[in-house]
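Visitor: Let chain A serve as the given structure and place chain B on it in line with the hints.
Residue numbers (the working numbering), protein chains in the order written: chain A, 1 to 329; chain B, 1 to 324.
No wet-lab data here; the hints were simulated from the structure. Any given hint might turn out to be false.
The list that follows gives simulated cross-link-like pairs (lysine-lysine, DSS-like), each with its CA atoms no further than 25 Å apart [as the list claims (entries may be wrong)]:
| id | chain 1 | residue 1 | chain 2 | residue 2 |
| --- | --- | --- | --- | --- |
| 1 | B | K123 | A | K228 |
| 2 | B | K269 | A | K143 |
| 3 | A | K228 | B | K269 |
| 4 | B | K269 | A | K325 |
| 5 | A | K325 | A | K55 |
| 6 | A | K325 | B | K279 |
| 7 | A | K167 | A | K300 |
Residue-level listing of the chains:
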Amino acid sequence: MLSALLLAGIIIWSASQAMAFKPAVLFDMGGKFDKSFNEGIWNGLEKFRKETGIKYREFEVRQEAQREQFLRKLASKGSDPVIAVGFGQAAALTKVAQEFPNTRFSIIDMVVDLPNVQSIIFKEHEGSFLVGVLAAMKSETGKVGFVGGMDIPLIHKFACGYVQGVKHINSGITVYQKMTGTTPAAWNDPARGAQLAKTMYDSGADIVYAAAGGTGLGVLQAAADNNKLSIGVDSNQNHLQPGSVLTSMLKRVDVAAYEVFKTGHDGSWKAGFKILGLAEDGVGWALDEHNAKLVSSAMKNKVEQVRKDIIAGKIKVHDYMSNNKCPVQ
Amino acid sequence: MWNDILLILDGTLRISVPFLLAAMGGIFAERSGVIDFGLEGKMLGGAFVAAAVAHWTQSAWLGLLGSIGIGIIFSMMHGFASVTKQGNQVVSCVAINIFAMGLTVVLANAWFGMGGKTPQLPKEARFLSIELPFAEAMRDIPVIGEIYYELISGHNILVYIAFLAVPITAWVVFKSSFGLHLRATGENPLAVDTTGISVNKTRYQALLFNGILGGMSGAYLSTAHLGFFVKDMSAGKGYLALAAMIVGKWRPYSAMFACLLFSALFAIKDKPEISEMLKGLVPLNLIESFLEMSPYILTVVILAGFVGRAVAPKAIGQPFSKEK
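So that you can see chain A by itself, here it is in the shape it has in the complex (with noise of 0.2 Å):
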């Protein structure tokens, strides 16, 4: 009797379950208005809110202690399935996912291997090399700069795709690379990013590109202040700075993000992993008004050019996480 009770208990709570469609998702230090790469995510699941009318509950973190403890609240409240965003969740949700075995996440950025995670990643180093042939092309003086946030192995995949870009149309091309800083603080640094750039610029470098997050916003503020150019990162950042930014390197994590809510909606979501690269659309670079004056018919050629070979294999992309190098500098 008390067993029958407890399985119809367990089927009226599977069945709530299965009805209940509460998905959620765990927003990285940047914040989802960060203009970059959180708030490309929003996007994505704002787009789905708008199309499915399914709301969905969220979380900020703004500090390490509290990733684990936000998933784990996620996860105990029923929530399904959960995305956790950037690379820094990776240790939290691996801890988590074994506690709720019965829960899908997603992490966006960084591979996690258990059973019901799906772990996915973008080949950051093809969209970047695409902008890298961009800069080539247009630079005159010679010199590029790359601005990165906190030194991290995810951002130098950003600077080495790019440097290979560089050399790939111009190996004469001298390439200044600086990463912000080596805590959480280097992506909330406005000031900092504005100061580096403008060294660059000092320095001869006439296009930087900036994968930094909130602090990649002083290094387009310093492009435009400087009568430069600069590159921005993740979500289309053209509108910025009209007229300076060259372009944008884009990582479709709203795409992805998007396809997190939909894929655990209709149920053909999977663990494992997924890789974005510019074969799947899941990197690219960004042409709108903002910047159309800046690109001339021939670069929109060429990258479209180079675009191709990568997708078909012609040119190889290296990966620097692939082995911690870059064959470059």
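Guide: Then chain B, alone, in the frame of chain A:
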């Protein structure tokens, strides 16, 4: 090479401004016996209000006024808690820093809906670089002309104000009669009280200056160096200013040199040619990490008394009450 040095020095000046303003503010408060590491919060609050007001009024000057206003509000809160109510000054500072972190983001979200960012300011609503007279003409004169063109000319007005704040602070604290009261209040409040001067009033006056300078340091970030506010954009600069003040032993000129030293470390670290030069010789990130942490190491070393002694004002952190 000469040009590189000039550029490094130029970068040093730009980086040092928020440190300088905040450190001078810190000197006023701490010389009067009130601990202030709420500078971080005042800088953040000042940055937000300056950007918001400049956006609404399209005037950088009104933005600056707003940042001074919020700086004073914060320092008066600190004064009320720690001078009037005789609360723990450290706790009050922490409260102000946390309050500023939360308040700026919440208000920015409510008013602009951009998640803690304020709208981009147009050039007209920012403090832009000023070309000093004859800078262009003197550019070709060796040394003097170059220094004038690269180093002295071409900054925004807040840079000049910040460097003007140093002699003014030095004069007020060490030469004026108010400064005498101020320092005496920080060393021996009881003695001050017996002469009929109000200790608490002096501390409030000191905090007024503190708020003005602390708020202005934020305005530099959001309306001069950049053209927007984003959350947490002070990124620890207020704490670094405090460290510079301690390294400078609570003296305006020494603190200025400490600010310049810290900034120079950043400027050297930023210079791409130097990284190119060192590349291959030594592990680059080791050098960079070392340069990054050296301000804090220096502060600890000086506080520990290895290199000269940094003696804080005697009555610092102690609320004054006549009954004692």
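Visitor: All hints are to be evaluated individually against the structure, with a verdict given for each.
Guide: Here's how the hints hold up against the structure:
1. Proximity of K123 (chain B) to K228 (chain A) is assessed by CA-CA distance (about 16 Å); at most 25 Å being required, the pair is judged to hold.
2. Taking the CA atoms of K269 (chain B) and K143 (chain A), the gap is near 19 Å; set against the 25 Å cutoff, the hint holds.
3. Between K228 (chain A) and K269 (chain B) the CA atoms are separated by roughly 22 Å; this keeps the pair inside 25 Å, and the hint holds.
4. Annotation: proposed proximity of K269 (chain B) to K325 (chain A) holds, straight-line Cα distance about 22 Å (limit 25 Å).
5. At most 25 Å may separate the alpha-carbon atoms for a hinted pair to count; K325 (chain A) and K55 (chain A) exceed this at roughly 43 Å.
6. Proposed proximity of K325 (chain A) and K279 (chain B) is supported: the alpha carbons are some 15 Å apart, at most 25 Å.
7. Annotation: proposed proximity of K167 (chain A) to K300 (chain A) holds, straight-line Cα distance about 18 Å (limit 25 Å).
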